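Turn these sequences into a full structure, and let the hints steer you where they fit.
Sequence lines, in order, name chains A and B. Using the working numbering, the letters of the first sequence map in sequence onto residues 79 to 379. Using the working numbering, the letters of the second sequence map in sequence onto residues 79 to 379.
To be clear, the hints were calculated from the coordinates, so they are not data collected in a lab. Treat each hint with caution, since some may be false.
Put simply, identical chains are the same to the list, so a pair is met inside one copy or across any two.
[Stated by the list, open to error] Simulated pairs of lysine to any residue, SDA-like, Cα-Cα distance not exceeding 20 Å:
1. LYS281 - GLU201
2. LYS323 - ASP183
3. LYS335 - GLU316
4. LYS123 - THR95
5. LYS125 - THR349
6. LYS375 - ALA93
7. LYS323 - ASN187
8. LYS125 - THR95
Remember, it's a predicted structure, so these values are computed and weren't measured experimentally.
Listed below are the residues making up each chain.
Protein chains: 2
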Amino acid sequence: MKLTILGCYSATPRALTNPTSQVLEIKGKMFLIDCGEGTQVQLRKQKIKFSRISHIFISHLHGDHFFGLPGLVSTFRLLGREKELHIHGPKGIKEAITLLLKLGDSWTNYPLYFHELTSKETELVYEDEKVTVRTIPLKHRVYTNGFLFSEKLGQRTLNIEAVTKYGIDKSAFNNIKNGKDAEASDGKTIKNEELTFDPPKPKSYAFCSDTIYYEAIVPIIAGVDTLYHESTFLDSEERLCQKTKHTTAKQAATIAKMAQAKQLILGHYSTRYKSLELFREEAITVFPNVELAEDGKVFDL
Amino acid sequence: MKLTILGCYSATPRALTNPTSQVLEIKGKMFLIDCGEGTQVQLRKQKIKFSRISHIFISHLHGDHFFGLPGLVSTFRLLGREKELHIHGPKGIKEAITLLLKLGDSWTNYPLYFHELTSKETELVYEDEKVTVRTIPLKHRVYTNGFLFSEKLGQRTLNIEAVTKYGIDKSAFNNIKNGKDAEASDGKTIKNEELTFDPPKPKSYAFCSDTIYYEAIVPIIAGVDTLYHESTFLDSEERLCQKTKHTTAKQAATIAKMAQAKQLILGHYSTRYKSLELFREEAITVFPNVELAEDGKVFDL
Numbered sequence: 079m080k081l082t083i084l085g086c087y088s089a090t091p092r093a094l095t096n097p098t099s100q101v102l103e104i105k106g107k108m109f110l111i112d113c114g115e116g117t118q119v120q121l122r123k124q125k126i127k128f129s130r131i132s133h134i135f136i137s138h139l140h141g142d143h144f145f146g147l148p149g150l151v152s153t154f155r156l157l158g159r160e161k162e163l164h165i166h167g168p169k170g171i172k173e174a175i176t177l178l179l180k181l182g183d184s185w186t187n188y189p190l191y192f193h194e195l196t197s198k199e200t201e202l203v204y205e206d207e208k209v210t211v212r213t214i215p216l217k218h219r220v221y222t223n224g225f226l227f228s229e230k231l232g233q234r235t236l237n238i239e240a241v242t243k244y245g246i247d248k249s250a251f252n253n254i255k256n257g258k259d260a261e262a263s264d265g266k267t268i269k270n271e272e273l274t275f276d277p278p279k280p281k282s283y284a285f286c287s288d289t290i291y292y293e294a295i296v297p298i299i300a301g302v303d304t305l306y307h308e309s310t311f312l313d314s315e316e317r318l319c320q321k322t323k324h325t326t327a328k329q330a331a332t333i334a335k336m337a338q339a340k341q342l343i344l345g346h347y348s349t350r351y352k353s354l355e356l357f358r359e360e361a362i363t364v365f366p367n368v369e370l371a372e373d374g375k376v377f378d379l
Numbered sequence: 079m080k081l082t083i084l085g086c087y088s089a090t091p092r093a094l095t096n097p098t099s100q101v102l103e104i105k106g107k108m109f110l111i112d113c114g115e116g117t118q119v120q121l122r123k124q125k126i127k128f129s130r131i132s133h134i135f136i137s138h139l140h141g142d143h144f145f146g147l148p149g150l151v152s153t154f155r156l157l158g159r160e161k162e163l164h165i166h167g168p169k170g171i172k173e174a175i176t177l178l179l180k181l182g183d184s185w186t187n188y189p190l191y192f193h194e195l196t197s198k199e200t201e202l203v204y205e206d207e208k209v210t211v212r213t214i215p216l217k218h219r220v221y222t223n224g225f226l227f228s229e230k231l232g233q234r235t236l237n238i239e240a241v242t243k244y245g246i247d248k249s250a251f252n253n254i255k256n257g258k259d260a261e262a263s264d265g266k267t268i269k270n271e272e273l274t275f276d277p278p279k280p281k282s283y284a285f286c287s288d289t290i291y292y293e294a295i296v297p298i299i300a301g302v303d304t305l306y307h308e309s310t311f312l313d314s315e316e317r318l319c320q321k322t323k324h325t326t327a328k329q330a331a332t333i334a335k336m337a338q339a340k341q342l343i344l345g346h347y348s349t350r351y352k353s354l355e356l357f358r359e360e361a362i363t364v365f366p367n368v369e370l371a372e373d374g375k376v377f378d379l
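Laid out in structure tokens, this is it:
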């Protein structure tokens, strides 16, 4: 898994800071998460091939998380895109995007599908042979979801030494990787566990922004490898969290700890603070493994 | 008059090129013309005070001319704006912006007025004591207007030497500047033309983008001081103009010549060309005084 932060600041885009957007590469697929204004330019700067993105997940309909989407949808058309694009986001997103396309008489020449979300319970919103995506209902000023990306358990890994030793024919390899026993060259049946290793442990990534401190998400993200959690404020501004429905770095770390996450990435910073290090310093008092999102930063997860 | 080019490229925003937006400062007022994605960041880079903008003019509802508007309207709110904002643009712009604000439950806390345009004839859309703005109906793939900004004829200029010579009292100065005759210290009536000079010649600026080559605009912009006219293509790609409803540099220069403009600024370039100089070289074969818009360039008009 590779996570590219395109933007990780709250509120308005500025000369050197971008609103929320990130690209998650997982099992060879690329998913775009949120799409603040300027996301398409950030994608270009990161040299990410637009055509590799087929699924976009939008957490909520505040401008700093989706005002870049109309432009991106239009640019796909101008680039001659032919393949499907799927947009997953809160109810209303279809009306908004289609109205803008209609006003500009700029319908896409590629198939565009909207998957509108309304549930307040976690639900499966994407699945292929290698990956699932579930919503993480969050609590913000408007209807908001985080997203949990999980690799599926893959095939078992062939023990090359063992299959060679038993003289097993190559035609059996796929069955063996799927857990079947196999026949040795002398006709003897060899147990699968002798011929394979366990598959790599599937990894997971949870994106949680924007939200107030909300313990209800803990069971959904329990054991996640990497948690991206918003930390708009520091503890000194905790009073603002109630009003604006955001989280402090300390609260984000508390969620990471409760969920037994392996790693926490902080983001969605208010621009009022002089240094991002303040967020890390506050979070590590609660949870040890803290990284800071920064625009353009790439995490190999 | 001062014209700041925030963006002057066609189609999609890129790492180093911005879609259409410009700020015209005229008689101390600032008008924003078009608002492609990223305009608010360009405003910041140019250090233009957001609060000085009270009227925004949108030519048409293609993304590269207005997808930055929802973000700008939202940012004004986040910055605590209190004074009115007026948006002038094609019918539909109100529905689009209000839908996006509604979805984000982010109504402005300042008064927001929409002035929707539908007329295919030129009309007065703004007037104050010093400036008028008229539409310039253009011909593009969707309903589009250019805008003609004109200074009004100001007061006559006082001839200090003359008023001193005749010993005229200061209390009469304002009447004199408004064209009235005045009484000298010896009681004699002095004709206004002896006491004043003609007011400075009012200046005008015409913004014409996007449009096909369209001679119908010539009477509206006749004698304009500065004409900004789109030149998406060069003459070698003239065939594309019919299809996409754009103009070549040569055609833009022809309009400038027919309108007896004093100066032509080219912009809205396709990014297919290696050098902007090609646009100037083509245009000056028809019209001598050609300037090239560039992102961040400031013209003192």
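We went through each hint and held it up to the structure:
| no. | hint | in the structure |
| --- | --- | --- |
| 1 | LYS281 - GLU201 | within (19 Å within a copy, 62 Å between copies) |
| 2 | LYS323 - ASP183 | between (37 Å within a copy, 13 Å between copies) |
| 3 | LYS335 - GLU316 | within (19 Å within a copy, 63 Å between copies) |
| 4 | LYS123 - THR95 | both (14 Å within a copy, 12 Å between copies) |
| 5 | LYS125 - THR349 | between (26 Å within a copy, 18 Å between copies) |
| 6 | LYS375 - ALA93 | both (17 Å within a copy, 17 Å between copies) |
| 7 | LYS323 - ASN187 | between (39 Å within a copy, 19 Å between copies) |
| 8 | LYS125 - THR95 | both (18 Å within a copy, 16 Å between copies) |
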